[in-house]
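Visitor: From these two lone chains plus the hints, build me the complex, please.
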Amino acid sequence: MLGRRAFLAGAALALAQGKALAATSAPLPKAEQVGDGLWVVRGADEPIAWGNGGAIANSVILDAPAGAVLIDPGPSRLYGQALGRLAQRLCSKKVGMVLITHLHPDHAMGACAFDPAIVHALPQTRKDIGEQGSDFADALYRILAGAMQGTTVLTPQGDLAAGPLDAMGRGLQLYALNGHSAGDLVVLDEQTQALITGDLVFHNRAPATPHARIDQWQDSLSKLEAIPHRLLIPGHGPLDTGGEALAQTRDWLGWVQDSLQRAVDSGLDMVEAGALPIPDRFAPLRQARYEWQRSVAHFYAGLETQALPIL
Amino acid sequence: MAGASLAAASPCAAESALPADPLASPMWAYRAGEILDGKPVVFDGKVQLSIPMLAENQRQFPVMADARALQGVVRLLIWADLNPIPLAVDYRPVQALPVIATRIKLDQRTPVRAAAQTADGVWHMAGAWVDAAGGGCSAPPLSRARGDWADHLGELRGRLWFSPQALRLRFSLRHPMDTGLVANIPAFHIDQVAVKDADGNVLGELRLQASVAEDPAFTLEFAPALRGVVIEARDTSGHDSRGQLMVEKP
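Line by line, the protein sequences give chains C and U. 1 is the number of the first residue of the first sequence in our numbering; add one for each residue after it. 1001 is the number of the first residue of the second sequence in our numbering; add one for each residue after it.
The hints are simulated quantities; they were obtained by calculation from the structure and are not laboratory data. Here the structure is a predicted model, which means the values were calculated and not measured. Quick reminder that beta carbons are idealized off the backbone N, C-alpha and C, glycines included. Be aware that a few hints might be false.
[Claimed, not checked] Chain U is nowhere near these chain C residues, computed Cβ spacing over 12 Å in every case:
no., residue
1, R42
2, D63
3, C91
4, K93
5, Y175
[Stated by the list, open to error] Output of the computed footprint for chain C on chain U, the stretches with three or more beta carbons under 8 Å from beta carbons of chain C:
no., segment
6, 1062–1069
7, 1153–1161
Chain U extracted, bound-state conformation (with noise of 0.2 Å):
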């Protein structure tokens, strides 16, 4: 094999192209290479990343990505860079807004990230460090503590907004998104969510990781002119749970 196309290919070329981290994250160029498959990266104030002004519950960590300022957004991702599960989040708005809002869990003091890539295939991005107490990642679940997860396993919440400028989606599912890193508790996740319209077209696909907080929640926003949607979602035994929602128009 000649030298030169072993020097492209080498993770070392790939860093050297990636802007220096605002955040000076220890992981930056390592998670980058791992997650945005070598295309350009700008942080652009395009992308508006929203969470508290602290980690109160490191369990449940409240992250918006916004990328609504942008054109042609294909995916949005969510990852933070010191979890040991790092992207907790994979969204591509096929036929919806390019914003989402859910909560993640934090195993340490991290930089959380928001991540859009735009067709063109640049990656858009936005970031801040957030203080955590450790263990979001490595405690066991609050219903696997209580005993009762599996009374209510892939339950599924939700509920529509409708306003001149979106409809908004809300929804729920129960389920302990354990992630293996728990003794004697296998890797057990909600993994797969997409959200159609009433057609069967479509609108939104989630890839999930087990850093997604227990009994995830959602919030995505689609055109105003939909009149309605189908969730379906299914976890890593292939359980899979189903939901429709119809706009009541006034």
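If we strip away everything but chain C, and leave its shape as in the complex, we get (with noise of 0.2 Å):
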């Protein structure tokens, strides 16, 4: 795998060298106004395929006096660089500081098109992207192949912790929370107190936890609920005004413990348990059957060892 990022980079130099075609004629995605110099770029609601490239979470663009800051730049090199363009276009200036918030490919990997000093991230983050970074990778190229070219592992500054933020002359507040993975980073933005929540919030898409603690999680949504915002961007699915995607993470996430602990106690196995109804309360939540059945994979065996006494 190494041997074909390594050739896909190269091919990416060597169009870059020419006439750089795919940097410039790609169409850019599309932006919508939400704030004040305030832009949200959704991604497909979809898991990660072929036909999205990728581009399955949200991304922000806020305009700041001294440079657009870019939140989470999507899972490739293409992406970012289009995402650069965008801000560009809107900012009237260049990306001075990009923003992961956690550790996750569709967020992060398109860190890569921008200088590694300008990206920052939590400690944690750092962590995890420096450890599972390039396994990322590798999934990433053999589901989506070309769109990744050029793409390689950008490790974050870990240097995000809890509390204001000047953000290239932009008033931001950052919380440093976890529980959709390890290290989840949440940014306010004060001027429009638009509350940015990277994956600890889902809207109508169903939350995924291969990372996932999901006590931790709750108690995060929690802290989420008791901070005064006006709009709430989410990491995947629709921006929220009404406090529906917080009870909607937070219901999602309590059915899916309940329901895992209820199935194990019953003795299906994890192919039953994986075809169990879903409730029609959550039928608004794209790719339900299919989050159902990832976190089937993520902690049955887990949840098994605990409900199998040793003989």
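Guide: Dropping the structure here:
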């Protein structure tokens, strides 16, 4: 896989040295303005797949006095570059700061389109990407192939901490939480009171649990509920102004946890657990069956160990 | 030797008797020839292969093979055509219901199959293509990466669930299930499991290959009148595990 990455990186370089076709002719992703100097670029509410190029997570662009601020640069170098051009068009400024909310590749791998010195994350996220980034790269190259051309693992600066951050002259409040992963960054934009939650909150799209600790995640949701905000931008799914996304994420996680435990306790096998009915109230959630079966894969063996006594 | 007898014994003759593979697997004829002993094959809706919609973990892919709609099932197999170790489970449900669930390794995108042999020798088959990332068989097991595989080797866990239809047994064993395909780690796996009743009569026998997932777990079913089971397992180095479970009648 390294060989293929190196080859594709080389191909991208050759292209850049030529007419830079890929970098200039690809259509820009669509930005939706949701506040003063605040845009959301919506990911597809789908699994990572060939057809969407891995662009399934929401990205956020902020217009700050000294440069554009980009939160979650997407899955690939090409997508990160496209977000950079989009930010330039919207803000008439270059991207001067990139924030990564957590380790997952649909949010983080586009960071390699930027100068490593301007890419920031929590220390935990730096550690996680350092340890798992190349496995994520392998997984995305397998699924996405050409859309990943030139993408390499960029380990962000692990220099963010809870508290205020002067982001190129725009005031942000940072929260260092966990539960969806071991390190989940949440950003409150002071000017618009928009809460940018990363994957601690999903909206009308079932939450993903590959590195989740559900108890911690529920605690983090309680902390988010206590932060006054006018608008919530989830990691996946449409933005929310009515508190629905937080409640929905909490409801889904509670259902997942209860259902897994009930399935194990009633003697179901993993296949049977994955086929259990999903309550009607989750009908608005895209990818519900897919994420439920992923959660079964993530948690079932561990729960079995607790439920089956040693003989 | 006469030409006629040579032709009858040749693989080509056996292959021509095989039905076309609904999955169009590149390895169908080869694997069928290797595994099915030249017996007749039918693709049969009475055998159900239940799997998740995605292989989230290629080291641990859940598979349920259910031939309860057939009478007189003597063997139940689970295999993956394109795995380097294709046949994962060979189950003889001697005095058990012909259903088994476990988790297998997938080394790449492959057809996964369930095959139930009835007493007349006929194989009844079901299958599906599964997309999977590579390395299920060729990456070291997690317990070797953690380093604690020897601390729990052969540890047996289990529990019974009683219903009017069946007595269900779920059990798991701690074992690295080394495939021999990882550098400097020879093949080392549980290869025999027997489930018996309290009097020592065999209820079901499993022959396992290392393409069964690390820390293998199984779901089996028996007649509801059964009072309890004894589980006996042995790995390729001769380590034995044994455990007993009795039904707690209400």
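Visitor: Could you run down the list of hints and mark each one as holding or not?
Guide: Verification of the supplied hints:
Residue placement check: R42(C) keeps its beta carbon more than 12 Å from all beta carbons of chain U (closest about 23 Å). Annotated as non-interface, D63(C) keeps its C-beta farther than 12 Å from every C-beta of chain U; the closest such distance is 39 Å. The claim that C91(C) lies off the interface holds: its Cβ sits roughly 39 Å from the closest Cβ of chain U, which is beyond the 12 Å cut-off. Listed as a non-interface residue, K93(C) keeps its Cβ farther than 12 Å from every Cβ of chain U; the least gap is roughly 40 Å.
The beta carbon of Y175(C) sits about 29 Å from the closest Cβ of chain U, which is more than 12 Å, so the claim that it is off the interface holds. Coverage of a stretch by a chain is defined here by at least three residues with a beta carbon nearer than 8 Å to that chain's beta carbons; for the segment 1062–1069 of chain U and chain C the count is 3, and the condition holds. By the rule of at least three residues with a Cβ nearer than 8 Å to a Cβ of chain C, the coverage given for the segment 1153–1161 of chain U holds, with 6 such residues.
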